[in-house]
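A.B. asks: So the chains spell out like this:
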Amino acid sequence: MNILCIILAAILAPLFIGIVNQTKAFFGGRRGPGLFRLYADIRKLLGKSCPRPEHSTWIFDIAQSASLAAVAAAVIVFPWTGGGGLASLVPAALFFYLLAAGRFFTVIGSLDAGNAFEGMGASREVQFSALAELVVFVILGFLVFLAGDISLSGVLSGISPGEWRANVIPLVLVFLAFLAVFLLENCRVPFDDPETHLELTMIHEAMLLDVGGPDLAFALYGAALKFELLAAFLVMMFMPCFGNGWLHVLALFSGIALLSVATGIIESVMARMRFLKSPQTIMGAALVAALAVLIFVCF
Amino acid sequence: MLTLSEIVLALFLIADLALAGASRLKYAIRFVAIQGRMVGVLPVLLWNWEGNGCPGARIWIIAVVNSLVKGVALPMLLEYAVRKARTRRELEPIVSFQMSRFIVFLMAVGGFAIGRLLHVHETIASELAIPVAFTTMGTGLLLICARKKAITQVLGFLVLENGISLFGAGILLEYGIVVELGILLDVFALVFILGIAIFQINRTFASTDTDQLNHLGDTHLMHPHHKHDHVHD
Numbered sequence: 001m002n003i004l005c006i007i008l009a010a011i012l013a014p015l016f017i018g019i020v021n022q023t024k025a026f027f028g029g030r031r032g033p034g035l036f037r038l039y040a041d042i043r044k045l046l047g048k049s050c051p052r053p054e055h056s057t058w059i060f061d062i063a064q065s066a067s068l069a070a071v072a073a074a075v076i077v078f079p080w081t082g083g084g085g086l087a088s089l090v091p092a093a094l095f096f097y098l099l100a101a102g103r104f105f106t107v108i109g110s111l112d113a114g115n116a117f118e119g120m121g122a123s124r125e126v127q128f129s130a131l132a133e134l135v136v137f138v139i140l141g142f143l144v145f146l147a148g149d150i151s152l153s154g155v156l157s158g159i160s161p162g163e164w165r166a167n168v169i170p171l172v173l174v175f176l177a178f179l180a181v182f183l184l185e186n187c188r189v190p191f192d193d194p195e196t197h198l199e200l201t202m203i204h205e206a207m208l209l210d211v212g213g214p215d216l217a218f219a220l221y222g223a224a225l226k227f228e229l230l231a232a233f234l235v236m237m238f239m240p241c242f243g244n245g246w247l248h249v250l251a252l253f254s255g256i257a258l259l260s261v262a263t264g265i266i267e268s269v270m271a272r273m274r275f276l277k278s279p280q281t282i283m284g285a286a287l288v289a290a291l292a293v294l295i296f297v298c299f
Numbered sequence: 300m301l302t303l304s305e306i307v308l309a310l311f312l313i314a315d316l317a318l319a320g321a322s323r324l325k326y327a328i329r330f331v332a333i334q335g336r337m338v339g340v341l342p343v344l345l346w347n348w349e350g351n352g353c354p355g356a357r358i359w360i361i362a363v364v365n366s367l368v369k370g371v372a373l374p375m376l377l378e379y380a381v382r383k384a385r386t387r388r389e390l391e392p393i394v395s396f397q398m399s400r401f402i403v404f405l406m407a408v409g410g411f412a413i414g415r416l417l418h419v420h421e422t423i424a425s426e427l428a429i430p431v432a433f434t435t436m437g438t439g440l441l442l443i444c445a446r447k448k449a450i451t452q453v454l455g456f457l458v459l460e461n462g463i464s465l466f467g468a469g470i471l472l473e474y475g476i477v478v479e480l481g482i483l484l485d486v487f488a489l490v491f492i493l494g495i496a497i498f499q500i501n502r503t504f505a506s507t508d509t510d511q512l513n514h515l516g517d518t519h520l521m522h523p524h525h526k527h528d529h530v531h532d
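These protein sequences, in sequence, are chains A and B.
Under the numbering used here, the first residue of the first sequence carries the number 1, and numbering increases by one thereafter.
Under the numbering used here, the first residue of the second sequence carries the number 300, and numbering increases by one thereafter.
One thing to keep in mind: the hints can contain errors.
Said to hold, decoys possible - Quick list of in silico lysine-lysine cross-link-like pairs, DSBU-like style, CA-CA up to 35 Å:
no.	chain 1	residue 1	chain 2	residue 2
1	A	K24	B	K447
2	B	K325	A	K24
3	A	K48	A	K24
4	A	K24	A	K277
5	B	K325	B	K447
6	A	K277	B	K383
7	B	K383	B	K447
8	A	K24	A	K44
9	B	K447	A	K277
10	B	K325	B	K383
Unchecked claim - Not everything, but these chain B residues come out facing chain A in the computed CB check (under 8 Å):
no.	residue
11	E305
12	I306
13	A309
14	R323
15	Y326
16	E349
17	V368
18	G370
19	V394
20	F401
21	F404
22	A407
23	I413
24	F487
No lab work stands behind these hints: they were computed from the structure.
Just so you know, these numbers come straight off a predicted model, no measurement behind them.
Think of the CB as a built atom: it goes at the ideal place given N, C-alpha and C, for glycine as much as any other residue.
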C-alpha cells in the first residue's frame, strides 16, 4: 500500500500545479490552461533533445537529474499512508535535507552554465533557502516538543482535536510560519512570481534559463513534486490522525488540493512584495515560530 | 483551555512584532489603532461571565470609551497630524526593523520570565496577560528610543500606555477603572498637544527629525542645515 501511495503521489504531483493555475485563471476571469497542462508540457519536453551551453561540463548534464532524484528520495521517505514504513526510521530533518540536496544540484548546475543571470538566481535561491531553513528548524523543534519523537512519521503523527483545543495559539502561529516557508520554497507570490519568467526579480526560474528538453521536464516535475511534498507536510502537520488506512490518504490528498486552491487564491489577491522585503518577512516568520515555541513552553 | 481573551492577547503579541517591523507610518498607526481596540474590549473578555453574571455598566462604559478613544480618536488625530505636517511617510529607524523585531522577541522571552516571577496567580485573569503586557510596554519604549520621528515617539507612548492598561486589566485591578480613565485623559491630552506641537515644529523647521532638534541654537534655529546662512551676511 505504501508503494501504491508513492506511485499515486508521483502521478498526482503535476495536477496540483494545474489546480493552482486553474484557480488563478478563475480569479482572473480567464479559461486557464486546464488542469493537465503540466503533464502535456512534460511529455512534449521529454521528446526533445537536450541543448547544452558551450562551456559547461558534466555537472550541467547531471544537475537536473540529480536534483529530481533527491526530491524523489524525499517522496519515497514521506509517510503518505500515515506512519510506519521508512518514515518511522528516518529523522524529520532528513526530509528537509533531501529537498536541500535537490536545491544544491540545481544551484551548481546553474553556476556551471556560466550565465550571469543564472549566477544571480542561484545566489538568491541560496540566500532565501538559508533563511527559510531557520524557520523550518524552529518549527521542527516545536513539533518534536509536541510529539516527543524525532522521526518523520512521529513529527507528522497528526494533532488530535483535544490537542488543538489546548494549544490553538502556538499551532496557528506555527501554521502561519510554515505557510510562509511553503510559499517561499515553492517560489510563489508574495515572495516570487512564477509567471515573471525572464525578469530580474525572479529567484527559481533564473537558474533554469539554459536548461531545455528532458532536463527542463525534470526540473518542472521536480518543482511539482516539491510543491506536493511541502503541501503534504503542512497538511499532515495539522490534520487530526485518521489511522493508517485509505481514509488518511484521501484526507491527505484532498488537503493538498485545498492548499493548492488556497495558494491560487493568495496569488490572485496579493501582489509580489518588494524584493528587499522578502528576507524581512521570512525573518518575521522565524520570530513568529519562535514565539509559538515560547508560548507552548511557558503556557 | 483557550478563551477568546487569550486569542486577543496572542494577537497583541503579533501586533507588537508587526509594530517593531512596520516601515511606514500609516501601518504603524493602524497597528496602534488595532491594539487600542483590543485593549478596549479586553476588560469585557476577561470578565468572569459564569461567576459574576453580566458585567455592570462600569465595565461597559470603560470598554466603549477605551476603544473609541484609543482605537478611533487618537489614531485619527495622528493621521491628521501626519497629513498636516507632510512628514515623509517612511519611518527612519535608528535600530533596524529586523533588529527591533528581534529585540521585541527577546522582550517577550523576558516578559514570560517576569510572568513566572511575579506571583499574582490568585487574581490573574489569564497567564498570558502579564508577559504580553510587559512585551507591549517594552515595544513602546523601543519605539520611543529607536525611531527618529517625533510622531513615532507619540506612537511609542501610546503603545506603552496600552501595555500598562493591559497589565491593569490582566490582574483585574479593583479600582483599575478610575485609574484607567485618569490615564486615558492624560494620554488624550498628551497626544492632542503633541499633535499640535508636531505641526508647529514642522511649520517652523521643515522637519520633525528629532536628531536635528537636538542642536537648537539661536542662529541656526530657522536653518538647521546652514543652507541659507549667506542671507544674513
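A.B. asks: Now look at each hint and say whether the structure bears it out.
C.D. replies: Results for each hint:
no.	hint	result
1	K24/A x K447/B	violated, 42 Å
2	K325/B x K24/A	holds, 30 Å
3	K48/A x K24/A	holds, 29 Å
4	K24/A x K277/A	holds, 24 Å
5	K325/B x K447/B	holds, 16 Å
6	K277/A x K383/B	holds, 29 Å
7	K383/B x K447/B	holds, 18 Å
8	K24/A x K44/A	holds, 24 Å
9	K447/B x K277/A	holds, 21 Å
10	K325/B x K383/B	holds, 14 Å
11	E305	holds, 6 Å
12	I306	holds, 7 Å
13	A309	holds, 4 Å
14	R323	violated, 11 Å
15	Y326	violated, 12 Å
16	E349	violated, 18 Å
17	V368	violated, 28 Å
18	G370	violated, 22 Å
19	V394	violated, 14 Å
20	F401	holds, 7 Å
21	F404	holds, 5 Å
22	A407	holds, 6 Å
23	I413	violated, 11 Å
24	F487	violated, 32 Å
Comparing the model with each numbered hint stated earlier shows that hints 1, 14, 15, 16, 17, 18, 19, 23 and 24 do not hold.
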